[in-house]
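Colleague: Okay, here's what each chain looks like letter by letter:
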Amino acid sequence: MAKKRRQIPIPILEPIEVGSESPRLEVRRTPKLYIGGAFPRSESGRTDQLALKHGDLANVARASRKDMREAVRVARAASDSWGSKGAMVRGQILYRVAELMEGRAAQFEADLIAHGRGRRAAAAEVSAAIDRVVWFAGWPDKIPAVLGGTNPVASSHFVFTIPEPTGVVAIIAPESSALLGLVTRLSAVLAGGNVAVLLASESAPLPAVTLAETLAVSDVPGGVVNILTGRRAELIPHLVRHADVDGYDLWGCPDALMIEAEQGAAEHVARVARRPHGSEDHEDAFDGERGERIDALSAFLEMKTVWHPIGS
Amino acid sequence: MATGRRPRRGSTTASLLTGSAGSSPAATPAPSALSASSPWSYAPAPESRDVAQIRSRYGLFIDGKERAPSGGEVTITYNPATEEPLAEIAKGTPEDADRAIEAASRAYRKVWSRLHPRERAKYLYRISRILQERSREFAVTETLDSGKPIRESRDVDVPLAAAHFWYYAGWADKLAYAVPGRRPESHGVVGQVIPWNFPLLMLAWKIAPALAAGNTVVLKPASTTPLTALLFADVCRQAGLPDGVVNIITGPGSTGMAIVTDPRVAKVAFTGSTSVGVTIAKGIAGQGKGLTLELGGKAANIVFEDAALDQAVEGVINGIFFNQGEVCCAGSRLLVQESIAEEFLARLRNRMSTLRVGDPMDKNTDVGAINSRAQMETIGELVASGVSEGAEIWQPACDLPTRGWFFRPTLFTNVAQSHRIAREEIFGPVLATITFRTVAEAIEKANNTAYGLSAGIWTEKGSRILHVANALKAGVVWANTFNRFDPTSPFGGYKESGYGREGGLQGLHAYLRSS
Numbered sequence: 001m002a003k004k005r006r007q008i009p010i011p012i013l014e015p016i017e018v019g020s021e022s023p024r025l026e027v028r029r030t031p032k033l034y035i036g037g038a039f040p041r042s043e044s045g046r047t048d049q050l051a052l053k054h055g056d057l058a059n060v061a062r063a064s065r066k067d068m069r070e071a072v073r074v075a076r077a078a079s080d081s082w083g084s085k086g087a088m089v090r091g092q093i094l095y096r097v098a099e100l101m102e103g104r105a106a107q108f109e110a111d112l113i114a115h116g117r118g119r120r121a122a123a124a125e126v127s128a129a130i131d132r133v134v135w136f137a138g139w140p141d142k143i144p145a146v147l148g149g150t151n152p153v154a155s156s157h158f159v160f161t162i163p164e165p166t167g168v169v170a171i172i173a174p175e176s177s178a179l180l181g182l183v184t185r186l187s188a189v190l191a192g193g194n195v196a197v198l199l200a201s202e203s204a205p206l207p208a209v210t211l212a213e214t215l216a217v218s219d220v221p222g223g224v225v226n227i228l229t230g231r232r233a234e235l236i237p238h239l240v241r242h243a244d245v246d247g248y249d250l251w252g253c254p255d256a257l258m259i260e261a262e263q264g265a266a267e268h269v270a271r272v273a274r275r276p277h278g279s280e281d282h283e284d285a286f287d288g289e290r291g292e293r294i295d296a297l298s299a300f301l302e303m304k305t306v307w308h309p310i311g312s
Numbered sequence: 313m314a315t316g317r318r319p320r321r322g323s324t325t326a327s328l329l330t331g332s333a334g335s336s337p338a339a340t341p342a343p344s345a346l347s348a349s350s351p352w353s354y355a356p357a358p359e360s361r362d363v364a365q366i367r368s369r370y371g372l373f374i375d376g377k378e379r380a381p382s383g384g385e386v387t388i389t390y391n392p393a394t395e396e397p398l399a400e401i402a403k404g405t406p407e408d409a410d411r412a413i414e415a416a417s418r419a420y421r422k423v424w425s426r427l428h429p430r431e432r433a434k435y436l437y438r439i440s441r442i443l444q445e446r447s448r449e450f451a452v453t454e455t456l457d458s459g460k461p462i463r464e465s466r467d468v469d470v471p472l473a474a475a476h477f478w479y480y481a482g483w484a485d486k487l488a489y490a491v492p493g494r495r496p497e498s499h500g501v502v503g504q505v506i507p508w509n510f511p512l513l514m515l516a517w518k519i520a521p522a523l524a525a526g527n528t529v530v531l532k533p534a535s536t537t538p539l540t541a542l543l544f545a546d547v548c549r550q551a552g553l554p555d556g557v558v559n560i561i562t563g564p565g566s567t568g569m570a571i572v573t574d575p576r577v578a579k580v581a582f583t584g585s586t587s588v589g590v591t592i593a594k595g596i597a598g599q600g601k602g603l604t605l606e607l608g609g610k611a612a613n614i615v616f617e618d619a620a621l622d623q624a625v626e627g628v629i630n631g632i633f634f635n636q637g638e639v640c641c642a643g644s645r646l647l648v649q650e651s652i653a654e655e656f657l658a659r660l661r662n663r664m665s666t667l668r669v670g671d672p673m674d675k676n677t678d679v680g681a682i683n684s685r686a687q688m689e690t691i692g693e694l695v696a697s698g699v700s701e702g703a704e705i706w707q708p709a710c711d712l713p714t715r716g717w718f719f720r721p722t723l724f725t726n727v728a729q730s731h732r733i734a735r736e737e738i739f740g741p742v743l744a745t746i747t748f749r750t751v752a753e754a755i756e757k758a759n760n761t762a763y764g765l766s767a768g769i770w771t772e773k774g775s776r777i778l779h780v781a782n783a784l785k786a787g788v789v790w791a792n793t794f795n796r797f798d799p800t801s802p803f804g805g806y807k808e809s810g811y812g813r814e815g816g817l818q819g820l821h822a823y824l825r826s827s
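So the protein sequences, as listed, match chains W and E.
Mapping to the numbering used here: the first sequence position 181 is 181, numbers consecutive.
Mapping to the numbering used here: the second sequence position 303 is 615, numbers consecutive.
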């Protein structure tokens, strides 16, 4: 320590101008599928080029039928455990998703802007989407009181009706409301205790990709939400005929595919939710009270009624 | 047994109906506890049919008036207990359906939707009262047309039908409380198709909530059991119900399809087989209609070793022989714990031997006539499959009437879950027994079906009831009871047993939409 180090001569280099003219190269994200808590590319190796604002292109994974089947398989595997979680826990897990979305607000905004939303509208939609998740986070432990109850039968029996989740629900997410519509329909399904296979907006899939990345680090177990990007016309006809899917939220189903979708669902007596009368697939279809509805929640609940005699 | 009461047919009946079973020693009917010397023998106690004035011919009920069918054709409805024709029934055509829908549509726009909800309620109360006042007439008509025992139509079908109108009457002017925070609206014209097993009760389940919610109705009863629906048309007239609010169209399935697929019909409700339910759901795909389906079932009635056995035996008997087993929620699979199986089955056979099968109009009859020849053939075919697939058949030695469509109560043991009699809805007095060892195995086997309408649990342990009830994929779970119904209590299935509920607040929701 006390010894004096030998001086090493330092070579003198010519200074180079770095970064003053060429900006830092952005590290781009690969938009992937979200299946079973992992982020695979499509097994088919296919992507679709999607034009973004400012001339950028994204190579969005184009899910195949096989990806879809895999998503249904892992969803089914995750179904019992999610459906039997305590109502309050399910609510807290949803609330946690909102917490994490808040931290990623900038990314969600950037996604919406990339899909052509104005800066201000994008910020408003992200805020509304986070608040919507919070709105649904409060539902799980109130559903039985609102939709179930005890039944005052005429005979000497104690009879109660409780809502239970249907199981695996496939969601055709709204096409235009790429974030707010997406989280509204998804949160409703999750709040009811169902697991989801979700087909993202075809023209604006990036918010769904970011949501997948948010869910992956949330407390939502892998497999409870599975998000596919790709071509609707290619996937919907097969998704609706998958016999292990118990219900379909067809809110975002294109009109041209609606008959086929409902017929497919009918073949295995699957439950169906759809756009209510008079509502259109618009950017603002889920604003405010229009989105604070439980139709996509109650559509995928099974009412179980239990009878027992009263006697001594 | 009052042997002089009914002509004997002897043991040939069973062999005729069960195919190869007849030649099997296992199928030989056991000695009856109802032999003439038995203290169980009852004197005949026939209900008088005078109270039911069945006309020789019935038209359609459209816009408050009786109309001849546009095609001029009629079908005949038979008394299943005697195979005698009861009346000629109009064969409604798609053209008649169109007229009925037009009438319902007009009544909805001009009268029913404009009526103060309080007045709507009062019409429903009136209907309920009239059903109570004319209950005997309805019970007798129902039994003559459907073959169900008069004891059941008198004590179950008709009082429950009246109770449904009573219950939903009270909802008519309280709809804002049914969908808190939302504005409930009626759909408009509702198209309803109902089955033949509970003709009047299913009509009540359909029409009462529909009218209470402010809709108007076009209903098609089953082609083999139209009489109480047509008698109900008379109740509507007597109640002063505005023309067109309720329209009754008799006819074949194709007429039913014409009703439900019509674009003016905004909501569809169907009770019947899963295959027809699927056809209807596909037929209206993309039309944006509301739909509720109450379809088939294959309920497990689970008896645990600690159950009160005699009560459980009664419950199992009621579960499968109520209405000849022609019940979508019938407990057609008996799951009995292995440790008590032998004793339980002995008690069950003993009890089955005391079932009185025969004239539905006799007040002592437990098991009446099968609704139609076609249904007899379906049951016979499935029972034969049970025998050929290797299950063991047992039937009590009761006498069956020589005329009419009667099926001997049938118990199968050694049934595998893969057997058709364990998987397919038989809709007859046929019970398939499967054993289990553990609670988990019972749940697994009970849920091993495409259906999910109902289930039964028999145990004295409360925590087990709640655990098993929780795990069963079934819309109605009866614990230490079975086949109970009440207008305040929702009924309907999981999985391929359909969707939507009938009864209670949940049943009302199906007939409302909220903005």
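Just so you know, these hints were derived from the structure itself, not from any lab.
There could be a bad hint or two in this list.
[Said to hold, decoys possible] Cut-off 30 Å, straight-line C-alpha distance, at most; resulting in silico cross-link-like pairs (DSS-like, lysine-lysine):
#, chain 1, residue 1, chain 2, residue 2
1, E, K403, E, K675
2, E, K403, W, K85
3, W, K66, W, K32
4, W, K85, E, K377
5, E, K422, E, K377
6, E, K601, E, K377
7, E, K486, W, K66
8, E, K773, E, K757
9, W, K32, W, K53
10, E, K773, W, K142
11, W, K53, W, K142
12, E, K594, E, K403
13, E, K403, E, K377
14, W, K142, W, K66
15, E, K486, E, K434
16, W, K142, E, K422
17, W, K142, E, K601
18, E, K434, E, K422
[To be verified] Here are some chain E residues the structure puts well away from chain W; computed CB gaps all over 10 Å:
#, residue
19, E396
20, A475
21, R549
22, R663
Beta carbons are placed, not taken as given, at the ideal position from N, Cα and C, and that holds for glycine.
Colleague: With reference to the structure, classify each hint as holding or not holding.
Modeller: These are the hints, each one checked on the structure:
no.: 1; hint: E:K403 <-> E:K675; result: violated, 33 Å
no.: 2; hint: E:K403 <-> W:K85; result: violated, 53 Å
no.: 3; hint: W:K66 <-> W:K32; result: holds, 15 Å
no.: 4; hint: W:K85 <-> E:K377; result: violated, 56 Å
no.: 5; hint: E:K422 <-> E:K377; result: holds, 18 Å
no.: 6; hint: E:K601 <-> E:K377; result: holds, 28 Å
no.: 7; hint: E:K486 <-> W:K66; result: violated, 50 Å
no.: 8; hint: E:K773 <-> E:K757; result: holds, 20 Å
no.: 9; hint: W:K32 <-> W:K53; result: holds, 20 Å
no.: 10; hint: E:K773 <-> W:K142; result: holds, 29 Å
no.: 11; hint: W:K53 <-> W:K142; result: violated, 42 Å
no.: 12; hint: E:K594 <-> E:K403; result: holds, 25 Å
no.: 13; hint: E:K403 <-> E:K377; result: holds, 16 Å
no.: 14; hint: W:K142 <-> W:K66; result: violated, 37 Å
no.: 15; hint: E:K486 <-> E:K434; result: holds, 13 Å
no.: 16; hint: W:K142 <-> E:K422; result: violated, 40 Å
no.: 17; hint: W:K142 <-> E:K601; result: holds, 29 Å
no.: 18; hint: E:K434 <-> E:K422; result: holds, 18 Å
no.: 19; hint: E396; result: holds, 36 Å
no.: 20; hint: A475; result: violated, 7 Å
no.: 21; hint: R549; result: holds, 29 Å
no.: 22; hint: R663; result: holds, 19 Å
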